[in-house]
Amino acid sequence: METGFTFAVAVFFAASFYLLMSRRIVRMLLGVAILGNATNLLIFTAGRLTRGSPPVIPPEASMPAGAIANPLPQALILTAIVISFSFFAFLLVLAYRANQETGHDDVDAMRLAEPKHSPLPPEGY
Amino acid sequence: MALGAGEAVDLAKAMNLAATPLRDWLVIVPVVLPIVAGAVCVMLRNAWRLQPIIAIAVLILVAAADATLLARTLAEGPVVMVMGRWLPPFGIAFTVDALGALFALVAALVTLAGALNGIVDIGEKRRRFGFYPFLLLMSAGVSGSFLTGDLFNLYVWFEVLLIASFGLLVLGGEPRQVDGTVKYGFLNLIATTLFLIAIGYLYGLVGTLNMADIALKVRALPEGAPIATIAALFVVAFGMKAAAFPVNAWLPASYHTPKITVAAVFAGLLTKVGAYALLRVLVMLMPAERVVLADLIAVVAALTMLTGALFALAQAEIRRALGFLVISGIGYIFAGLAIGGTAGLSGATFYAVHSMLAMSAAYLAVGAVERYAGTSMLGEVGGLWRAMPLFAALFLVVSFAIAGLPPFSGFWPKAMLVSAALDGEWPWLAAAMLGAGFLSTLALGRIWLIAFWKPAPAGFTPHGAAGASVPAATLAGLGGLTLLVVVIGLAPEPLAALARRAAAGLIDPAAYLNAVFPGGR
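The listed protein sequences correspond, in order, to chains C and X. Residue numbering for the first sequence follows full-length UniProt numbering, beginning at 1 and increasing consecutively. Residue numbering for the second sequence follows full-length UniProt numbering, beginning at 1 and increasing consecutively.
This is chain C alone, in the form it adopts within the complex:
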C-alpha cells in the first residue's frame, strides 16, 4: 500500500513544482495548494499505513487489542492542513490585491519593488 501512496506523492509533487515554476500567480497558488497536500500525504505515508483499527482503547482494557493505525502522523497532518489552508487563503487575497495594484498576474512583470532600471550609485566623491 505504501508503494501506491509513494507514486501518488510523486505525482503530486511533480504537478506542484510544474505549477510553481509558472509566472502566473494563479497557477502558483494552485501549485502551493497541491504542494501542501503532497506534503501531508508524504507524512501520512511515512507514518506507515496499516489497515488497523482506530487508535482507541476499549473502556475495559488498558491497551489496544490488536494492530492500530498510527495516530501521530494524523495529528501532524491535521495541524499542517490548518496552517497550509490559512496560508493559501492569505496568498489568495494577496494575489487579488497584487492584481489590483499592479494590473498583472505575471510575477516577472511585477517590478514595483525592484524596478528594472534602478539608478546606479553615484560614481566618485
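Incorrect hints may appear among the rest.
Claimed, not checked - Think about it this way: if two alpha-carbon atoms lie no more than 25 Å apart in a straight line, the pair counts; the simulated SDA-like pairs of lysine to any residue are: (1) LYS125/X / LYS116/C; (2) LYS217/X / ALA232/X; (3) LYS116/C / MET21/C; (4) LYS217/X / THR50/C; (5) LYS125/X / LEU434/X; (6) LYS116/C / PHE311/X.
What the hints assert, rightly or not - Facing chain X, from chain C, some residues (calculated, C-beta under 7 Å): (7) LEU76; (8) MET110; (9) LEU120.
Said to hold, decoys possible - Label pairs and their in silico Cβ distance ranges: (10) ALA232/X / PRO54/C: 30 to 40 Å; (11) GLY207/X / PRO58/C: 52 to 62 Å; (12) ASP295/X / ASP108/C: 48 to 58 Å; (13) GLU425/X / ARG23/C: 15 to 25 Å; (14) PRO54/C / VAL487/X: 53 to 63 Å; (15) ARG23/C / ALA232/X: 20 to 30 Å; (16) PHE17/C / VAL299/X: 47 to 57 Å; (17) LEU92/C / VAL299/X: 33 to 43 Å; (18) ILE81/C / THR461/X: 21 to 31 Å.
If you are wondering where the hints come from, they were derived from the structure by calculation, not from laboratory data. We put the beta carbon where it would ideally sit given N, CA and C, even for glycine.
Chain C is already provided as a structure; the job is to place chain X on it using the hints.
Just chain X, lined up with the frame of chain C:
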C-alpha cells in the same frame, strides 16, 4: 505484553504525574506573554495610543524572563518543561539550553527596540490595522522557535512567525509592499514546506520528533540509512529561510518595502531563526552529516558573503544595500557551521548575536535618515554629518561594527572565524571572509562618505516630515542597540565564553539529553 482487564498501568513511565514546579513555567513565559498581549492589543485596536505601552512593557518582561532562563541554563544546564503531562518523546518538551536562551534574549531586545521605534514610525492607521499585535505574535513565534525541543513544534513556530511577518510586511498596503510580499510570501512558504517534507522523511526513518530522541536514534542508525538526504533537505530549507546565496531572492525583493521599523526587526530576527535551526539540526541532531555536507556549506557560505557584499556595492538606495549586507552576514554564520568544532560554532553563534543587534540598528539609523531627508537614495542626500552629528556618530559606530572593524562587536566573531578557518583546513574560506569584509567596508564607507560626509548636493532640501532632530524613541532603540554593539566590542570575552558554552552544548548534547530523559532512555 497485554495487561488484563482492571490491571493497573504504570503511567509514571509515560506521564508526568507531579505538577510542574512553578519555576519551570518560566520556560514558556517568553511565548505565552506576547501571545496574550497580542490578543489584548487586537481588542484595543481603537485605543491605539495604549498599544505601544502594552507591547513595550510585555517585551521588557519577556527579555527579563529570557535573561533569567539564560542564567538558569548556565547554572543548572538545560531546562525542560513538558506539555500536556506526556513525558518525552510523546509530549512536546520545551527545552532551553544556552544557545536557545541566548538567541531568545537577543531577539527580545531587538523586538523591544522595534517596538520603541514604532511609537514614532508607525502611525495611527497602521496601528489600527495591527502593527503591535503582529509584532508581538512574531516575537512569540521567534521565541517559540528558539525554545522548543520538538522538530514539528519548531515547524509550527516557524509558521507563526511567518504569518505574523506577512502581516507586518503588507501592513499599509502600498503597491510596492504588495509586490514585495508576493515574492516573500511564496518563497518563504515553499521553504517552510520543504522543512515539513524533511520532517516527514525523518519521522519515517526514526519514528520520533523530539529533538533529544532524534539525536539518540540518529546516532544509532544502521550504516546506509538515507539520513544524508534528509540533512541535505534541511540545509536547503533552512538555507532558504536564512537567505543563503542561491535561494535568497526573496530578501532583497521585500526587505526595503515596509516601514523601516518592520525592516529593522526582520533584519535582526528572521534570517537568524533559519541559521539557528540549521545549527540545531545539523550539529546536534546529525553531526556525521554535517561533516559530509561541510564542503558544500563552505562554498555556499563564501558565495553568500561575497555576492551579498558585491550587490550591496551596486545599490543606490541605502535600504536595499543594507538588505544585501544582511545576506552577506549570513555567509559568516554558514562559514562557522562548515568549519565546525567549538571554534567555528562559537564564532557562528557570536556572529549571529552581533548581526542581530548591528543590522537592526543599521536599519533604524536609515529610518532616521529618511525621516530627515525624505529619501535614502545615495546622491540625493548629503551633509548629514553637519545636520545631525550625534546620530551620524551612532551610524558610524554601527557601520564599523557591520564592516567588522575594531573595537566594535563585528570584529571579534570575524577574528574567531578567520582564526578557526586557518587552524582548520579552510584557508580559502578565511580569504573569502576577509575579502567579503573588505567589500562590505567599501559599501558602508561609500554610504558614509556620500550621505554623511560629503556636503549636500546643490538643490538638496530635506523634505522629510520632521526637522533634523531624531525622536527620543528612535534614539532609545538605536542607542540601546549601539550601546550593546560597543560593549560587546570592548569586552567581548563574556559573550565569547557564552558562545563557547552554547557551541559545546551543541557538539556534546549529553546535558541536553539528560535534561529531557532524566531516567535515561
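Handout entry: Numbers of the earlier hints that this structure fails to satisfy, in rising order
Key = 1, 5, 11, 12, 13, 16 and 18
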